[in-house]
Amino acid sequence: MTEDMSQYPLRLDGDDFPMVRFQKVTKAYGSLVVLNQLDLDVSAGEMVTIIGPSGSGKTTVLRMLMTLETINSGVIYVEGEPLTHMERDGRLVPANSAHIRRIRSKIGMCFQHFNLFPHMTALGNCMEGPVQVLRLPRKEAEERSLELLEMVGMAEKRDQHPSRLSGGQQQRVAIARALAMRPKIMLFDEVTSALDPEVISEVTNVIRRLVDTHNLTMLMVTHQMGFAKEISDRVCFFFDGSIEEQGSPAKLFETPERERTKQFLNAVLEAN
Amino acid sequence: MTYVEFLQAHSGRMIDGTIITVYQFLLSTVVAIGIAILFGLMKLSKNLAVRSVAIIYIEIFRGTSLLVQLFWIFFVLPLFGIHLDKFTAGFLAVGLNMGAYGAELVRGAILAVPQGQWEAAIALNMSSRKRMWRVVLPQAFVIMLPPWGNLIIEILKGTALVALISVTDLMFEVRQININTFLSIEAFGTAIIIYYLIARLFVTPVMRAFENAMSRKIGRA
Ligand SMILES: Nc1ncnc2c1ncn2[C@@H]1O[C@H](COP(=O)(O)OP(=O)(O)OP(=O)(O)O)[C@@H](O)[C@H]1O
Ligand SMILES: [Mg+2]
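From first to last, the protein sequence lines are chains Y and D.
Letter 128 of the first sequence, counting from 1, is numbered 447 in our numbering, and no numbers are missing.
Letter 25 of the second sequence, counting from 1, is numbered 99 in our numbering, and no numbers are missing.
In case anyone wonders, no lab produced these hints; they're calculated from the structure.
Any given hint could turn out to be false.
[What the hints assert, rightly or not] Short derived list, chain Y residues pointing at chain D, Cβ under 8 Å:
id, residue
1, Thr386
2, Glu388
3, Thr389
4, Arg420
5, Ser424
6, Met428
7, Phe430
8, Pro437
9, His438
10, Gly448
11, Gln451
12, Leu455
13, Arg501
14, Ile504
[Stated by the list, open to error] Straight line, CA to CA, 30 Å or less: simulated BS3-like cross-link-like pairs of lysine-lysine:
id, chain 1, residue 1, chain 2, residue 2
15, D, Lys117, D, Lys204
16, Y, Lys425, D, Lys120
17, Y, Lys425, Y, Lys581
18, D, Lys204, Y, Lys503
19, D, Lys160, Y, Lys458
20, Y, Lys476, Y, Lys503
21, Y, Lys458, D, Lys204
22, D, Lys160, Y, Lys425
23, D, Lys204, D, Lys291
24, Y, Lys503, Y, Lys570
25, Y, Lys570, Y, Lys548
26, D, Lys160, D, Lys231
27, Y, Lys476, D, Lys117
28, Y, Lys476, D, Lys291
29, Y, Lys476, Y, Lys458
We put the beta carbon where it would ideally sit given N, CA and C, even for glycine.
Work out the full structure, taking the sequences as your base and the hints as a guide.
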């Protein structure tokens, strides 16, 4: 990689920087460029939804921010600090794991297939991070976890293992588990796609409540256009590894400008 | 001489031998488990040197015969100044050998834990050590229990070779009885029955109970 790193600031200054900034971020698997020079800012407290056809790179955006994927070039800033880079002698170099863990502590993620720990109960899943990573006393971690399980309507199932829970229930526990780490940024990757239609609202209601009552910054990938329209501050339409069009939900869904956006929305409408 | 008379005459020696066999078996198993975890994890290391050591170890111990390894440890190591008594050399050889097979079970089971589990652990910001010990190994453990059941039976059978360096285990005693009495059918027949009973009445039920307890623990039972 012979990228000129001096084009990227060491950190974002001033009092108006975004919570998350992707600056010229490129991701490739071999010769397949999945994201091409992506620029994307997300403000504090903003709910940004990512839509787009399969394979357009939506999941990859979230996974890079969660540090589940490396990036080939560009810099991701979280609260003004680079995520996978750090400053040395006035230059940005690849970050060490202590730096990455410090920045990563601000981010939580929920997955399409929940990924709960099968060997722990619902409560155990929620307490694991606070106890093992944040080193909270067990009692405090338990109180925090129960409060969150209460919020997602899963307090009664606290002692059940994931294998005894329905998909919707598992996803709600997964949301509680992520929130127990008190992240500033939450990532949702198609969290309702693996669910039966009748339980989707269990999960979307929880996300609605989060938007109403918490000042979280959220990035959500979804195929549910109605939900995206209702809940987002901004919608980004991805096509072929870059943002084809973005704007308020009203504008993007009612009066899209780009031909590809119109085609995509028409195709989705027809499918429903 | 009836079989009952045979048993009356020789049961003392056979019981002594069986006790040694059980000791050899238990100690070999402990060594094998330790070696398996160590080299199984090492073979998954990102560090090429660490990984290479594990690959070479596993190749050597799986690629050559247990009997030859046993003789090496007992007869050749002393030439390099390492003297082990025959009892120690016996269970060490069996444990080191079976541990190499166990290492592959450990490695395979860790790789069989779904990728999403690692990713969820990263999303909770766990250190790589916590990811392994808190999230992956407990699940890998459940996955590898059934194949370990087979391997542990192999360990039991493998211990019969230590008679060849004169550890006075069941096989050793039975051979002595055979030499003294020429009652080969009775002697080796009884040995087969005892090995079989240890496996079926002891090893299999313990492993089964273990498997059940583990699947209950992860809420699958
Ligand atoms: N590990 C990988 N190796 C190779 N290619 C990959 C890998 N992960 C993703 N890709 C490719 O990257 C591209 C973008 O994938 P991504 O998962 O971000 O798409 P997506 O927009 O989330 O699609 P979907 O709506 O189907 O979830 C796809 O072409 C995919 O095949
Ligand atoms: Mg996706």
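So which of those numbered hints doesn't the model satisfy?
-> Violated hints: 2, 3, 12, 13, 14, 17, 19, 22 and 27; rest satisfied.
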